[in-house]
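Under the numbering used here, residues 1 to 424 are what the sequence shown spells out, in order.
Just so you know, these hints were derived from the structure itself, not from any lab.
A hint or two may mislead.
As the list claims (entries may be wrong) - Okay, derived cross-link-like pairs now, SDA-like style, lysine to any residue, Cα gap no bigger than 20 Å in a straight line:
id	residue 1	residue 2
1	Lys410	Ser344
2	Lys392	Asn412
3	Lys262	Glu279
4	Lys256	Ile423
5	Lys56	Ala151
6	Lys56	Ile132
7	Lys262	Ala317
8	Lys262	Ile278
9	Lys262	Thr289
10	Lys410	Asp327
11	Lys416	Ala341
12	Lys416	Val353
13	Lys310	Gln268
14	Lys424	Ile399
15	Lys392	Ile350
16	Lys310	Thr198
17	Lys410	Asn396
18	Lys424	Val355
19	Lys361	Val329
20	Lys310	Gln193
21	Lys361	Leu380
22	Lys361	Arg387
23	Lys310	Lys56
24	Lys262	Thr288
25	Lys157	Ser31
26	Lys262	Asp334
27	Lys157	Val269
28	Lys386	Lys424
Bear in mind the structure is a predicted one, so any value in this text is a computation, not a measurement.
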Amino acid sequence: MKNLYFLFIALLTVMFINAQTTTITFEDGTSVDSDDIVGGGSTQAVVVDPTDATNKVLSIDYNPGSGWDNWGGFLIPEGASLMKTDQISFRIWTPDHGANAGTFGYLFKLEGSGGNVEQSFLVDGAGAWQTITLDFSTCVGSPGNCNVDNASQQFNKLVLHHWGGSNPSSSDDEIIYIDDLTYTTGDAACPTQTYPVTFTDTCSSQVAAADGAAISFADGYATVSNTNAQDWTNIQFDHAALDLSSGTKGFSVRVKGPRASKVFFKLQVGGNCCSNVIERWPAENNYTTPGQWQTIVYDMTNESATDKTKTVIFFDAQMAVSADAADDVFMIDDITFGEFASLSTSNVSISDVSVYPNPAKDFVNISAGEKIDSATIYDLTGRIVKRSNPNKEIFNFNISDLSNGVYLVKLNAGDKESTVKLIK
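Given these sequences and hints, build the entire structure.
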């Protein structure tokens, strides 16, 4: 029995040692270099190590009184490995501690589409490089929003806050140097989210839940729960700057939920939530077909901005939590940016459309509240793979010869049109 015990311990040790890790060194041409550095009120850059002229390190020069904007860090670029929290360590050095060693606090924060995690730490101020190891399996000694439940997620952004042992508005300023950040290797980072958002694969689903909401992805759409958890509970995603300057643009989103709702739409620049924003706040419910998919369109033809890099969507902002939690669960799909005229035309939907089973294997049945003149199935490249002119309310397609994947079923009835996602 003792031999089996030692064999078990040895196997665990080998598994831990062999866990694949990635180390970020900030050298030119490596996975994270000067092009990937980000920050707020601080000044940050990849520089020559002050203690070793042959080495490159991340420098963060914190400015006094910058509040929570006093941070520096980096983004994992497309194709590089996302960060996992199983093993996190890094080296830190600063010439500015002196007698105040141990009173300078830091906050190590990882951000990703699945949520954030945080850990605070101190340094010993010995005047030499020090290795910090962080344990995200517990929140002991960490801020209240440590979010240990998110520790199993993967992260694409590092944020390092500094304050003088009390709060981020402290007058203390300093320069710190970071090197050799080691973490358990995650999946390859996706490119920046682009429109349309179709939720068909990992890289088309970079939408995060915020302020108490939760989001999950399955069957080619997203499900958002706890939509009324807080006043401004939302889902959001970053993207390249959108060009509205033509004065012809708009957005649409498909929604399905258990009750009528006001679905608010907002564009902002990065994390700037409260100024230089474009908002569409409906006075009345704009989702009005409980239990059915409905396309909601937002008119942006009077806008000319070219700098908006984040989309935020709210369900019933500033409304109380529903008595039944199921009433605060909505599905969302096909978030689209395009010409408002075409988006608004396609919003005249056919009534009572149903596609079943979905996912389907050999046959898919389609029913509607009116006769369908034409039905077309497209793959995601826009290629037509099936076509029919049923001229009736109920009909089916044989899809046994189609490859597994996601398709779009477009239905036309007179001047009305509906598009439904089909999973095989």
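Original post:
Given the hint that Lys56 pairs with Ala151, does the C-alpha gap stay at or below 20 Å?
Top reply: violated, 29 Å
Subject >> Given hint Ser344 paired with Lys410 - CA-CA distance at most 20 Å >> reply: The hint holds at about 16 Å.
Original post:
Taken at face value, is the distance from the CA of Ala317 to the CA of Lys262 at most 20 Å?
Top reply: holds, 8 Å
Original post:
Is the straight-line distance between the alpha-carbon of Lys310 and that of Thr198 20 Å or less?
Top reply: Answer holds: Lys310 to Thr198 is near 17 Å, not above 20 Å.
**OP:** With a cut-off of 20 Å on the C-alpha distance, tell me whether Lys262 and Asp334 pass.
**Re:** holds, 18 Å
Subject >> 20 Å Cα cutoff - pair Lys361, Leu380 >> reply: Measuring from Cα to Cα gives roughly 18 Å; hence the hint holds.
Original post:
Is the Cα-Cα distance between Lys56 and Ile132 20 Å or less?
Top reply: holds, 19 Å
Original post:
Taken at face value, is the distance from the CA of Ile278 to the CA of Lys262 at most 20 Å?
Top reply: At roughly 17 Å apart (the allowed maximum being 20 Å), Ile278 and Lys262 satisfy the hint.
**OP:** For the pair supplied as a hint, Lys392 and Asn412, confirm whether the alpha-carbon distance does not exceed 20 Å.
**Re:** Measuring from Cα to Cα gives roughly 11 Å; hence the hint holds.
Subject >> Pairwise hint evaluation, Ala341 against Lys416, where the allowed Cα distance is 20 Å at most >> reply: holds, 15 Å
Subject >> Restraint status (C-alpha distance of Lys361 to Val329 at most 20 Å) >> reply: violated, 28 Å
Original post:
Do the alpha carbons of Lys310 and Gln268 lie within 20 Å of each other, as the hint requires?
Top reply: Distance ~5 Å between Lys310 and Gln268 Cα, so the pair holds.
Hints 5, 10, 19 and 23 from the earlier list are contradicted by this structure; the remaining hints agree with it.
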